Amino acid sequence: MSGGRRASVAIPSQQYADQLAAALAEGDLLSHYYCGTPPRAELRAVIGDRFRFRPQERLGHALARRLVKPGPGFERQAYRFYASFDRRIARALARDPADAIIGYENCTLAMFEQARAAGRLTILDAADVHYRFQQAMGDSLGDPALQAQVNARKDREIALADYLLCCSEMAKASYVEAGVPAERIFVAGLGADLARFASGAPRPAAAGPLRMVFAGRFTVKKGADLLAEALERVRAQGLDFTLQVAADTGGGDPALVRRFEALGTLLGKLPQEQLPALFAASDLLLVPSRFDSYGMVVAEAMAGGTPALVSEHVGAKDLIRQGESGYIVPAGDAGALAAQLAAAAADPDAVRAMSAAAAHAGATADWSRYRSQVRANIREIFARRWA
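Note that this note's numbering has the sequence shown beginning at 1, numbered continuously upward.
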């Protein structure tokens with residue numbers, strides 16, 4: 001039992017925090033929700049007047065994106081905005097009756113310091129894998145001084161957090177590997193807006209070469225370089241396939257983009273409402289990320305009956321049964337990726353036969369499941385603190 005205890009949630013931009021706030025509100029566990037973006041329309045009535053709009057944060061991010069091109073300069077600006085948000089909300093929390101504060105990395109240090117001084121519970125909702133894991137996989141800000149500053153802040157936030165929330169077992173493992181005690185970490189798998197992807201209509205019969213889709217970014221993190229190399233190997237074997245790529249070409253390495261142009265059709269960045277049709281017209285979703293704490297696109301595609309190929313460092317791998325509803329391959333291994341893609345391209349009907357199992361698995365990953373899991377986690381955390 002929560003015993004009337006409540007938590008406040010604070011984040012500069014939404015991500016999935018409105019789902020967390022709604023989960024708490026549904027269980028009478030929410031004090032306030034501070035954010036620079038209003039909750040999704042379907043959640044506004046649930047959260048109600050507990051939402052505290054912080055428009056300066058949204059405007060600040062928009063201004064930063066206009067004035068600073070993505071890269072080290074933008075990251076430094078964003079870091080300042082996060083710190084500014086943190087300080088402002090810390091002041092607001094002095095008037096908030098919340099018993100616990102739920103914050104997000106890089107923007108919760110002042111809040112946690114204020115909460116600890118006031119004897120409140122602190123919970124870090126760790127939306128990504130631990131930064132050491134990220135850097136081991138080759139991801140960095142490109143600015144060593146800023147990277148050290150960010151890492152030091154994250155270390156302090158983790159140290160001040162009584163508990164952590166992670167969105168997958170894979171993400172939890174990255175924190176345990178970094179030295180965070182496993183008993184301090186709770187997991188709730190994220191959800192997806194499945195109604196848009198699971199129409200319930202039978203998928204049209206398909207024949208011919210394997211139809212693959214990549215919906216991501218041309219980045220090292222998303223494994224785009226590995227995918228290009230693997231697909232080039234498959235084509236060199238004389239195996240046929242089609243590839244559609246839904247990704248913004250503007251921010252990608254031009255040489256890598258040209259390699260994908262030779263491999264398939266570049267659609268550019270598509271609006272969310274066009275993705276269900278794209279996935280429904282594909283036999284296999286490709287998510288070869290070097291790391292992704294969850295990977296919502298996996299649940300979305302699978303809900304519509306499209307199996308997924310993911311790396312072992314994609315949190316949503318928990319939805320996949322190897323060879324039954326998709327494939328799991330070693331992360332960062334172009335050879336292993338090529339071998340699995342070649343096997344799939346050689347037998348496209350076997351891939352298509354996984355559609356029903358994929359749809360069944362994907363149907364379990366809706367937001368109501370997440371809200372139920374994370375609400376149970378918060379109740380358990382409260383019980384440990386105030387038993």
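Where hints are given, some of them may not hold.
Unchecked claim - Below, a list of computed lysine to any residue pairs in the SDA-like style, where the Cα atoms sit at most 25 Å apart: (1) Lys269 <-> Gln147; (2) Lys221 <-> Gly250; (3) Lys269 <-> Asp139; (4) Lys154 <-> Arg116; (5) Lys221 <-> Gln272; (6) Lys221 <-> Gln147; (7) Lys221 <-> Arg153; (8) Lys269 <-> Gln14; (9) Lys221 <-> Pro204; (10) Lys221 <-> Pro209; (11) Lys221 <-> Ala127; (12) Lys221 <-> Ala206; (13) Lys221 <-> Arg116; (14) Lys221 <-> Gly208; (15) Lys154 <-> Arg203; (16) Lys154 <-> Glu232; (17) Lys269 <-> Lys154; (18) Lys221 <-> Asp162; (19) Lys221 <-> Ala207.
Please keep in mind that the hints were generated in silico from the structure rather than gathered at the bench. Predicted model, so just to flag it, every value in this text is computed and none were measured.
Hints, verified against the model:
no. : hint              : result
1   : Lys269 <-> Gln147 : violated (29 Å)
2   : Lys221 <-> Gly250 : holds (17 Å)
3   : Lys269 <-> Asp139 : holds (22 Å)
4   : Lys154 <-> Arg116 : holds (16 Å)
5   : Lys221 <-> Gln272 : holds (21 Å)
6   : Lys221 <-> Gln147 : holds (16 Å)
7   : Lys221 <-> Arg153 : holds (22 Å)
8   : Lys269 <-> Gln14  : holds (20 Å)
9   : Lys221 <-> Pro204 : violated (33 Å)
10  : Lys221 <-> Pro209 : violated (28 Å)
11  : Lys221 <-> Ala127 : holds (15 Å)
12  : Lys221 <-> Ala206 : violated (32 Å)
13  : Lys221 <-> Arg116 : violated (35 Å)
14  : Lys221 <-> Gly208 : violated (32 Å)
15  : Lys154 <-> Arg203 : violated (45 Å)
16  : Lys154 <-> Glu232 : violated (39 Å)
17  : Lys269 <-> Lys154 : violated (31 Å)
18  : Lys221 <-> Asp162 : violated (29 Å)
19  : Lys221 <-> Ala207 : violated (33 Å)
Comparing the model with each numbered hint stated earlier shows that hints 1, 9, 10, 12, 13, 14, 15, 16, 17, 18 and 19 do not hold.
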